[in-house]
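Numbering-wise (numbering that gives the first Met the number 0), the sequence shown opens with residue 0 and increments by one.
It is worth saying that the hints were derived from the structure and are not from the lab.
All values reported here derive from a predicted model rather than from experimental measurement.
Even glycine gets a Cβ: it sits at the ideal position worked out from N, Cα and C.
Be careful, since some hints might not be right.
Said to hold, decoys possible - Label-pair restraints from in silico Cβ distances:
id, residue 1, residue 2, range
1, G176, S45, 42 to 52 Å
2, Q28, Q75, 29 to 39 Å
3, G176, A67, 52 to 62 Å
4, R157, I56, 39 to 49 Å
5, A173, I117, 50 to 60 Å
6, S11, R157, 31 to 41 Å
7, L158, S212, 45 to 55 Å
8, H207, Q301, 55 to 65 Å
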Amino acid sequence: MTGSLRARLLWSALLPLTLLAVAGAFGLQWAFADAVERGYDERLGSKLDALVAGLDIEADGRPSLQRAPDEAAFAQVRSGWYWQVVQDGRPLLRSRSLWDAVLEPPPARATPRGDDAIGPGGEALRVVSRRVLLPGANGPLDLSVAGPRAGLDAEIARLGRLLWGGVAGLVLLAAIGLLVQVRLGLAPLRQLGLQVAAVRRGESEGVHAGKLSELATLAEGLNGLLRQNGRLAQNGRKRAGDLAHALKTPLALLRTRIDPDDGELREALDRISAVVDRHLAAASADARRAHARCDAVAEARQLLAMFARLHTGRPLQLRLDAPEQRAVGLEASDLQELLGNLIDNACRAARSQVRLSIDPGKGPLRLRIEDDGPGLSDEQLTQLGQRGLRFDESLPGTGLGVAISRDIVDSYGGLLDFQRIAGGGLRAVLELPAAPGET
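Please work from the sequences and hints to get the whole structure.
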């Protein structure tokens, strides 16, 4: 069964309805065919009655026909309309239309009933027969009247076409009605989904079910979950901020007490301070992230211009391939720090070129930063982002840039990946959330 609730509702209602309609159509078709055949048999039976009424018994006990059935087709050879009188298998009387042929008589019955037969010309016939015993006759007589079945079959086929056309039309109308009904019935769920999306974008703080009691419990549960998550997130931000604040004073004290010439210890303190500052910034920014929005192209252009000035002494080309504007759901300061760390690493590793590209369109923002440097090995790619790890100790830095960038991306629910470029170089691939209203 498909994962669509609309499709499930439609199939669960339409399938049994269709099966019921088809079964009913077969039943009606059989009833129509039986009624048409009975009507045709009654017509033949009336002609058989006329044949019986027109018979007379001669003195020798042989039958004779005083008055033939009133049907001109009985006088036309091989017309498909026939009658005959048989005794002990011998034809005593027959219509001109039979000429010298004899109908294969159906089983003898006291009451007439229709049977199918094959005529002298191979045509399909409908035959009504009766066995009668007339006064003075030498024995019982088998009387048969036949008519062509072609007209009967054509009428049954016509009624069948009308019936199946009507059934198909009813099923189609039922399907349209069900589609409208399901669409109207699921409209509140679609509204609830839009409200949840608005909460996710930070445009609303909760959902409501309106006057629908069936959705009230769901809405209350969602609102309770949102409130609980909000409290947990707020407590987490508060604790992270408190911890970071608690560490800043001891760190400042340690910085004043260490030997200025102890570079290793000072570098370790710098790393700790960077982590503390990062968590302080994150704790203050988390509350604003639901409504975050900035122009990624403008921020990227400013950062590339800044790094171009920083590397004026090198033959380094910084390129930007992007649309005029592209909104992203990040705070400008977070995007600046994220891209700044990645561009800085790319500039340090590049030989002659760094390229930043931003895909156009709406939805999640996809951004790539590529350099033509030596690249990284498979082992280095797996280690990339570990805090404090530097692959080139000759370059300045704390080894926290990629880790901090990954923290920023994770906090917004984005993706950060690194790929080797054929021929040398490294590509950082970012997927960041769309700005509110840009999905």
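Problem set entry | Pairwise beta carbon distance, A173 to I117, judged against the given window 50 to 60 Å | 43 Å, violated
Exercise. Is it true that the C-beta distance of H207 to Q301 lies inside 55 to 65 Å, as the hint says?
Worked result: 42 Å, violated
For this session: Please test the hint of 29 to 39 Å on the beta carbon pair from Q28 and Q75.
Result: 33 Å, holds
For this session: Could you say whether the range 39 to 49 Å given as a hint is met by the Cβ separation of R157 and I56?
Result: 44 Å, holds
Problem set entry | Satisfaction of the hinted span 31 to 41 Å by the C-beta atoms belonging to S11 and R157 | 35 Å, holds
Problem set entry | Verdict for L158, S212 (Cβ pair) under range 45 to 55 Å | At 49 Å between Cβs, range holds.
For this session: Hint says 42 to 52 Å; check whether the CB-CB distance for G176 and S45 agrees.
Result: At roughly 47 Å between Cβ atoms, S45 and G176 fall inside 42 to 52 Å, so the hint holds.
Exercise. Between G176 and A67, does the beta-carbon spacing fit 52 to 62 Å?
Worked result: 59 Å, holds
Checked against the numbered hints given earlier, this structure breaks hints 5, 8; the rest are met.
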